[in-house]
Amino acid sequence: MKIFTSKSALSEFLNELREQEKSIGFVPTMGALHEGHLSLIDIARRQSDVVVCSIFVNPTQFNDPADLEKYPRPVDADIEKLRGADVDILFLPSVEEMYEPGESWHLDLGYLENVLEGKIRPGHYQGVTQVVKKFFDIVKPDVAFFGQKDFQQVLILRSMVKMLNIPVKLVMCPIKREEDGLALSSRNIHLSSSERHNALALSASLNNARDHFSVKSLDELKSEAIAFLSASEGVELDYFEIYDAETLQPATSKDVGSIVALVAAKVGETRLIDNILLK
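Position one of the sequence shown corresponds to residue 1 (UniProt numbering), numbered consecutively onward.
No lab work stands behind these hints, which were simulated from the structure alone. Bear in mind that the values here come from a model prediction, so they are computed numbers and not experimental data. Hints may contain errors.
Pairs of lysine-lysine residues, derived as DSSO-like cross-links and limited to a Cα-Cα distance of at most 30 Å, are as follows [what the hints assert, rightly or not]:
#: 1; residue 1: K162; residue 2: K119
#: 2; residue 1: K176; residue 2: K140
#: 3; residue 1: K119; residue 2: K279
#: 4; residue 1: K216; residue 2: K70
#: 5; residue 1: K254; residue 2: K279
#: 6; residue 1: K140; residue 2: K162
#: 7; residue 1: K119; residue 2: K2
#: 8; residue 1: K70; residue 2: K254
#: 9; residue 1: K22; residue 2: K254
#: 10; residue 1: K22; residue 2: K140
#: 11; residue 1: K140; residue 2: K169
#: 12; residue 1: K22; residue 2: K119
#: 13; residue 1: K216; residue 2: K279
#: 14; residue 1: K216; residue 2: K22
#: 15; residue 1: K22; residue 2: K2
#: 16; residue 1: K176; residue 2: K81
#: 17; residue 1: K81; residue 2: K7
#: 18; residue 1: K7; residue 2: K133
#: 19; residue 1: K133; residue 2: K119
#: 20; residue 1: K2; residue 2: K176
#: 21; residue 1: K176; residue 2: K133
Per label pair, the in silico range of CB-to-CB distance [stated by the list, open to error]:
#: 22; residue 1: G123; residue 2: Q47; range: 43 to 49 Å
#: 23; residue 1: V168; residue 2: T252; range: 31 to 37 Å
#: 24; residue 1: K279; residue 2: G123; range: 27 to 33 Å
#: 25; residue 1: D76; residue 2: E220; range: 45 to 51 Å
Positions of the beta carbon are idealized from the N, C-alpha and C atoms, including for glycine.
Whole structure, please, built from the sequences with the hints as guidance.
Take a look at the structure:
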């Protein structure tokens, strides 16, 4: 595995590979890697000649400095995991390499930016689109791979790609879970054993909605999930919503093409998100 910290050196190397007609798959991460990330890499390896992975804790997508400060950064362990996963190239830039002093960015993301995570974390998706656009400009991947757990993020990035006419295909990869259903997340490291047990309420609420999707109305599914989560020990609910999976508008009918249930909650001091496709 080759490791680059410089944008120019990475671009130069990738240009040589492109001249050899190699297809490039890209998996951007913020590190603290787990089996969920490795599953993205596995899919990328099967769909690309060359797999590029980045580790960069992006400051512009954090609206809470304390959250940025405590984000886990086990870089040496991450590098070993990437070597074991047969990643070809790791891009490991500094903040100074990625951002100029005083740099600004704004993309009109419309409705998508002002619901769910966007509403609760103002500015978050401006930071996400800013850094992903930078990565796309540097790596110029043929295909980029993102996890379904960040469902809203994938829709926003698809919107950006279309808006800016970026020649990349985005692939949304399935959520990887622990055996008991907990969605894998770099933030899970902050959960105590009791909090981890309490966190299972999130996936339980989603599974219940999926299991009863054919026999209950959307309003019933949502109200039951909210009641269940509100009564769950140690869970502070932010939202449980059932949306059209293409538009992230509230689903008013089961007749739309695809429907997703999305949940976010604090468990102890750790904020978790999860989702499931109901249809």
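Here's how the hints hold up against the structure:
no. : hint                     : result
1   : K162 to K119             : holds (23 Å)
2   : K176 to K140             : holds (27 Å)
3   : K119 to K279             : holds (25 Å)
4   : K216 to K70              : violated (41 Å)
5   : K254 to K279             : holds (8 Å)
6   : K140 to K162             : holds (15 Å)
7   : K119 to K2               : violated (39 Å)
8   : K70 to K254              : violated (41 Å)
9   : K22 to K254              : violated (43 Å)
10  : K22 to K140              : holds (12 Å)
11  : K140 to K169             : holds (11 Å)
12  : K22 to K119              : violated (40 Å)
13  : K216 to K279             : holds (14 Å)
14  : K216 to K22              : violated (49 Å)
15  : K22 to K2                : holds (16 Å)
16  : K176 to K81              : holds (16 Å)
17  : K81 to K7                : holds (23 Å)
18  : K7 to K133               : holds (13 Å)
19  : K133 to K119             : holds (22 Å)
20  : K2 to K176               : holds (27 Å)
21  : K176 to K133             : holds (26 Å)
22  : G123 to Q47: 43 to 49 Å  : violated (32 Å)
23  : V168 to T252: 31 to 37 Å : holds (33 Å)
24  : K279 to G123: 27 to 33 Å : holds (32 Å)
25  : D76 to E220: 45 to 51 Å  : holds (49 Å)
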